[in-house]
Structure formats: C-alpha cells, structure tokens
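**Student:** Spelled out from the first residue to the last, the chains are:
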Amino acid sequence: QSVLTQPPSVSGAPGQRVTLPCTGSSSNLGAGNDVHWYQQLPGAAPKLLIYGYTFRPSGVSDRFSGSRSATSASLAITGLQAEDEADYYCQAYDKVSGWLFGGGTKLTVL
Amino acid sequence: QVQLQESGPGLVKPWETLSLTCAVSGGSISDSKWWSWVRQPPGKGLEWIGDISHGDNNYKPSLRSRLTMSVDRSKNQFSLRLNSVTAADTAVYYCARWRKYGRPDDYYMDVWGKGTTVTVSS
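Heads up: the protein sequence lines correspond to chains Z and F, in order.
Residue numbers for the first sequence, in this note's numbering: 1 to 110.
Residue numbers for the second sequence, in this note's numbering: 1 to 122.
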C-alpha cells in the first residue's frame, strides 16, 4: 500500500532548528509529484504551510522552509517558538491511492 | 476572501447515510475547478476522502463504492454522501478548496473549513 512516512514526534528547544522528514515511494514522490505541508494547531483545521516542496504562501513565516530529494521531502523550522507546537502533515498525489497524507508529526517545543 | 463552512448531522446511525454540505462564501464555487473532503478520526491523522469538480470526481479507492459527491452551483455549495456508515467513519470532516499552480495537474489545498464532527452510533 502506498504511504507517506513521517516520524510520530519531533521535539526541540526554543530558538533551535528542527527538521521534519517525509518519505515516499516510486508511486508518489518518485513519480515526480509535488509535496505540500500543512500545520494543524490543537483543535484547529489544517493550514497550508508549504506547497510544491519549497513555496511559501503569503503570510507564512520565513522560519518555515521546504526541501526535496528523490523520494523524500523535509520541512525545516528555524528559531523554534512555543506557537510552533502543532501537528505537521505532508501530502502528495499517489498514482495508486490518490491523494495521500503522511501520518503526521507532532512537534513539541521543550 | 473565500470561506468554507461544513454542515450536517452530528450523529448518524450505523448502516445509514452520512450527508454533509460545504457552503462557499466570499466567492463563487465556479471560480475554482476542484473541491475536496478530508476527514480526521479522533486522535488520528488526516485522510483524503475525495474530490469533486463540475462534471468530474476523484474518490479514494477504498471509499468509492459508498461515496457520492456533488456540486450545486445555484446554492454555491458542494456535498458528500457516504453510505452504510460504521463506527470507523466517526471523524471530523473538513471541506477544502484546491488551488492550481505550476504544471497542469499541480494543486494544493489553500482554503479549509473549520470542520464538523460526525459520530456514528446507535
């Protein structure tokens, strides 16, 4: 079954830089499909953070950035702040399963 | 600025049909090609359910046999119907708008509703 794999949790201290990985396969990221990232604050709807691997929508802090490799993507957050504590999901299209979300990574700010 | 608002029953009995509507405000539903439904079971991650366009659809394969989506341009809304629901369909249901960028098939979800909770229970 096609999946996007994310670590369940990541933590960092205020001011630090953290990286959240998202690993795909040949049927999604390896097929040339883009990755998007969403932030979900507790009790809220998801919010678009990064699209097309690296593009930031207007209004999203430049502390958030995205990168890519062959079958994986990463979200980096610099200058970690307490307000960044949230769940982060990657998303990509899969030619077998349709749109996929990763399982999500819970970011804890220590 | 486009806003989305989900509505529908909060409680559905097992084996009955779940029906939800997403009202589009601040813009026309015809201004965007694709609209989507996403759900989130309690304590779990996001799950894409399917997409609807004017005259086309794209459903998650495992839900396809139970799922129907439609667009009502006159009411500026789109809808979801999921048949024969079980407890596994209990979730917060979100509607979202797909925005096009880049290559012909490149889209991302740029606007989300606040979500509506649906519980399947007798």
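Among these hints, one or two may not hold up.
[As the list claims (entries may be wrong)] Once the Cα atoms are required to be at most 25 Å apart in a straight line, the calculated SDA-like pairs of lysine to any residue come out as:
| hint | chain 1 | residue 1 | chain 2 | residue 2 |
| --- | --- | --- | --- | --- |
| 1 | F | Lys114 | Z | Gln40 |
| 2 | Z | Lys95 | F | Gly55 |
| 3 | F | Lys100 | Z | Ala82 |
[As the list claims (entries may be wrong)] If the Cβ cut is set under 10 Å, some of the chain Z residues that face chain F in the computed set are:
| hint | residue |
| --- | --- |
| 4 | Gln40 |
| 5 | Trp99 |
| 6 | Leu100 |
| 7 | Gly104 |
Just so you know, these hints were derived from the structure itself, not from any lab.
Beta carbons: idealized from backbone N, C-alpha and C, even for Gly.
**Student:** Give me the numbers of the hints this structure contradicts, sorted from smallest to largest.
**Tutor:** Of the numbered hints, just 3 does not hold.
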